[in-house]
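Engineer: Residue strings, one per chain:
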Amino acid sequence: MTKENMSFPVTKVEDTGQEGPIRCIFFSEFHPTAGPKITCQVPDNYISKDIFDNVSVYIIPKAQLQRSTITVTLKDYKILGFPIKIDNKKYARNAFYFNLCFVCDAEARTVHYEPVVKKMSDFLMALEVENCFLSASKNKTRLLEMLYQVMNDLNMHKMCTLTEGTMTSHLKVVRLAPEPKPVLDHQVPIFLEGREAFRSDQWDLTTQQVLPYIDGFNHVARIAAEADVENNLVKSCVQNLVYYGVVTLIPIFQYSNVYTTTPKLKELAKNIELQAQCIEYTSKSSRQPAFLRDIYRMYASMTHGNSIRDLCQRLNPQTLRINERKLIQFGLIEGLIRRVHKYPILLPDNHSEEGRNNPLYKYFTGSYSLDEICCTTGQSSAQIEDIVERDPSVVMLWK
Amino acid sequence: MEITPLSIILVKSDSKGDRMLFRYPHSTNHQRDSSQCLKKKNPYSMIIAEDSLQSIPFPNSTNDNLTGLSDEVLSTLFAVKPELCELKFELKVNDVRFVGHPTLLPSRGPKEINSSMLFNVVFALPAQASQSVVRCYYDLSKRLGIALRHEEKRCSFLTEEIKVMVSTHDEVAARSEEESDSDESPYETILQKSSLARDLKCIFNSLSTSGIINIMINRWIQVSFCLPQKVHQTHKKGFIVDPEIINQCLDSLRPYHGLLLLTEPMDLMDSLPTDHSPALCRLIQMYNPLKSLQTLALDSDLTLAQVFQLTGHLVYWAKATVIYPLCESNIYVVSPDAVLTDRMLEAFSEQFPGMCLLQVISDFSLPTSISQKLNPLIQPQQQTQLVKMIIWLLKNHLLLQLHTYVQYMPSVHGSSPVNTGDAIDGASPTDGLPDDESGAGLDESTWSLNSTLKGTPTESNTDMPQEKRDDIYSYQSDTYPSDDIILLERLCRLGYFKGGHHLEEIMYLENIRRSQLLQILDKFRDVLITSESEDPAMALFYSQRAAL
Chain A
-9 MTKENMSFPV TKVEDTGQEG PIRCIFFSEF HPTAGPKITC QVPDNYISKD IFDNVSVYII
51 PKAQLQRSTI TVTLKDYKIL GFPIKIDNKK YARNAFYFNL CFVCDAEART VHYEPVVKKM
111 SDFLMALEVE NCFLSASKNK TRLLEMLYQV MNDLNMHKMC TLTEGTMTSH LKVVRLAPEP
171 KPVLDHQVPI FLEGREAFRS DQWDLTTQQV LPYIDGFNHV ARIAAEADVE NNLVKSCVQN
231 LVYYGVVTLI PIFQYSNVYT TTPKLKELAK NIELQAQCIE YTSKSSRQPA FLRDIYRMYA
291 SMTHGNSIRD LCQRLNPQTL RINERKLIQF GLIEGLIRRV HKYPILLPDN HSEEGRNNPL
351 YKYFTGSYSL DEICCTTGQS SAQIEDIVER DPSVVMLWK
Chain B
5 MEITPLSIIL VKSDSKGDRM LFRYPHSTNH QRDSSQCLKK KNPYSMIIAE DSLQSIPFPN
65 STNDNLTGLS DEVLSTLFAV KPELCELKFE LKVNDVRFVG HPTLLPSRGP KEINSSMLFN
125 VVFALPAQAS QSVVRCYYDL SKRLGIALRH EEKRCSFLTE EIKVMVSTHD EVAARSEEES
185 DSDESPYETI LQKSSLARDL KCIFNSLSTS GIINIMINRW IQVSFCLPQK VHQTHKKGFI
245 VDPEIINQCL DSLRPYHGLL LLTEPMDLMD SLPTDHSPAL CRLIQMYNPL KSLQTLALDS
305 DLTLAQVFQL TGHLVYWAKA TVIYPLCESN IYVVSPDAVL TDRMLEAFSE QFPGMCLLQV
365 ISDFSLPTSI SQKLNPLIQP QQQTQLVKMI IWLLKNHLLL QLHTYVQYMP SVHGSSPVNT
425 GDAIDGASPT DGLPDDESGA GLDESTWSLN STLKGTPTES NTDMPQEKRD DIYSYQSDTY
485 PSDDIILLER LCRLGYFKGG HHLEEIMYLE NIRRSQLLQI LDKFRDVLIT SESEDPAMAL
545 FYSQRAAL
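Protein chains in written order, with the numbering used here: chain A, -9 to 389; chain B, 5 to 552.
Just chain A, with the same shape it has in the complex (with noise of 0.2 angstroms):
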């Protein structure tokens, strides 16, 4: 099985807005005579002096905005500054007003500049209280050098590296994504790309641990106990992997789920790239690969109701030359397919003897699923099944 060409496409989570580059970066300060003005940018006049003196009350603000982001939108741009003002008496104002601003497209998301903003100023602050970098007037055109370097090396790097006599500074963009949800016990961790795509030594000591363990079949209190590690410690390391998009979270494997189509399955009709991806990754054997239409009508089947053991016994996935667990993870992590979760709720007001006695029964509220509370008693799912079959005061909710 060759995995190292193989590449899922990264889940888009991001909702609102895209991440544009940097159009312009310009440097403004506060002229003792002049006022506020432009003292230089790249690409030169790229924000005109009328556009400027519009808002240059946001980017010159007053005492109490000093180091604040502040971002503000235009028509056209987006301007994110940081501003900074240096009190010293030697200066012909008593202090020495500067802002670094990044200019983006108006519709652009520029959250993950803020820090890259406040680093350089620090630094320029820094240069300044040195050795006067900004305000000794000769020195703009290394300004100016410094930040088309910046400009440019953010916009195709998404890192830079500032060196300036003695002093020096790394800039970097970091991707923001949204918060990762909680890790469960029953979750199973699962490679998005191949894991031979990323070096391991650049992960911490405990990721280290825990690396060799997830392969799409361990669920995490499984990885726990086997990496021997303390289960809260893989919990929050997977939530890391997640964060990093490394890894995507998907319900264990049991020949007793049931699984049901979502809308995107279409697309595996249509999309050539994906059908060569999911014929590699659920054939049994790439010398022999599975066709198309089999693997198909294996997904088209998955409805409620239809547990992945029928679905084995009607169309025998065997003589299709297709793996079914590995089918299963395709479908989840491309989505085509999604998980039907099975629920016990205790009914309200008909408590049976057993149900007083049974501790599983406080787990019976509808919050947790067939796979939690089996992770978290040690129960196997068919000996619950039965509990619940047996009481009619109990009911399975599919959902």
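The set of hints was computed from the structure by calculation and includes no laboratory data.
Treat the hints with care, as some may be off.
[What the hints assert, rightly or not] The list that follows gives simulated cross-link-like pairs (lysine to any residue, SDA-like), each with its CA atoms no further than 20 angstroms apart:
#	chain 1	residue 1	chain 2	residue 2
1	A	260	B	534
2	A	254	B	499
3	A	254	B	534
4	B	92	A	40
5	B	92	A	96
6	B	85	A	26
7	B	377	A	387
8	A	171	B	244
Quick caveat, the model's predicted, so the values are computed rather than measured.
Mind docking chain B on chain A? Use the hints.
Structural biologist: Relative to the frame of chain A, chain B by itself:
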């Protein structure tokens, strides 16, 4: 919640300079505001209680958010340059995002020297508020600006109100100078004196609670506004419906869809403003969840386009949702994000005495249609109750309707032929294949390819290699009745079997009966693969992310 405003602020700027006129909530609520804004610094880090070194106290955010900013600072920020007037104003300072529409008032008559005045109704939002939320707030600010400008023109309402506010500010400032210990806020007094301030307070409160604003400014001009992200929460907690989602749903609206009012028709009629459209009234009178939009249009004597627009309006204001009209063959299943609260259980048993919501809904764990639940012995009143219960469940988004989609896969490699020659090898000698089944499948696949060929020669020419076509002609349709093949070929040609159209849609568009369609599906089940899933347009109102 990222959609609740932090504050509403009114600022003016004229020849006498800029001035903060009113803000709500003011100082008394500062404490609450700051706690709302306070977010954990790194939410992914594990919080270990005993690890005292790690627990650096979070910087007190009163200094760096809205409450730390004085009125003067805010008023200079919001009193924009004339060039930025009548445009969207959006400013983010640390964790707070300010949105407004600076409105310019033209000078009143040539006599007055102090020419124009600017005012700005600004909403302060948490910075995490999404762009669509910001757009909605901007729209509200713009509406208020237009209404206030109109009132100013009519009876200089704004000038009077500003006068009251400014004088109160000055009085309080003077008083606090006299007795330095008094710490009274001018805003309390303004609230008592000014009706505009009360309106702004009322706007803030309705934005934080219901999301629907319906006020009369100066008891004359009506401003109505709906914050969809908030309004839809009353029907579904924690699920944010952006206007984009609603538009997407309305784009995929079809005449065969139906309307499901979320409130009682009579209540809806009562809640309409006095100048509502008579067309809407007619639509509501004719409303029935069993009718499709097309039938509704006919019954209420409106054009279909008008019914679509009214539907869009009702959906936006969270008064209705779009469904497929109720009928016996509809298949329902529990929606993946159904959350059953105690309040729901009570409401259900109140509406349907003696019934338990859990029991009723667990019957839908497996896909169930109304006709399956009916039997010849059932009483007519039980039948109506069943329909009523399904409507109730649909209103509360507890049920999801499943549709059958059809995918046409003529060859084992899907609809697109693979040029490796595998398909042809498989079809002629079967020595390369381990089982005869797939060989047989190929034979059948060529049947339907054959029929497609007759209908659309040009299309097939491009799709198929030359030698394969010759193969296909050798199989003639002897066993299949030609009617079915013709129908299959037509439906394929029209693109209905690409997984994008459900059976009901095909029936509607092609005017054929379900039995005919099912017959085709059964006959050609080797090349037509059916799958069951929800209508993507309707599913927009269900949070799929909760399902995983």
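Engineer: Now, for every hint given, state plainly whether the structure supports it.
Structural biologist: Hint-by-hint comparison with the structure:
1. 260/A to 534/B: holds, 15 angstroms
2. 254/A to 499/B: Holds, because 17 angstroms separates the two Cα atoms, which is no more than 20 angstroms.
3. 254/A to 534/B: Distance ~14 angstroms between residue 254/A and residue 534/B Cα, so the pair holds.
4. 92/B to 40/A: holds, 18 angstroms
5. 92/B to 96/A: holds, 11 angstroms
6. 85/B to 26/A: holds, 15 angstroms
7. 377/B to 387/A: The hint holds at about 18 angstroms.
8. 171/A to 244/B: Answer holds: residue 171/A to residue 244/B is near 17 angstroms, not above 20 angstroms.
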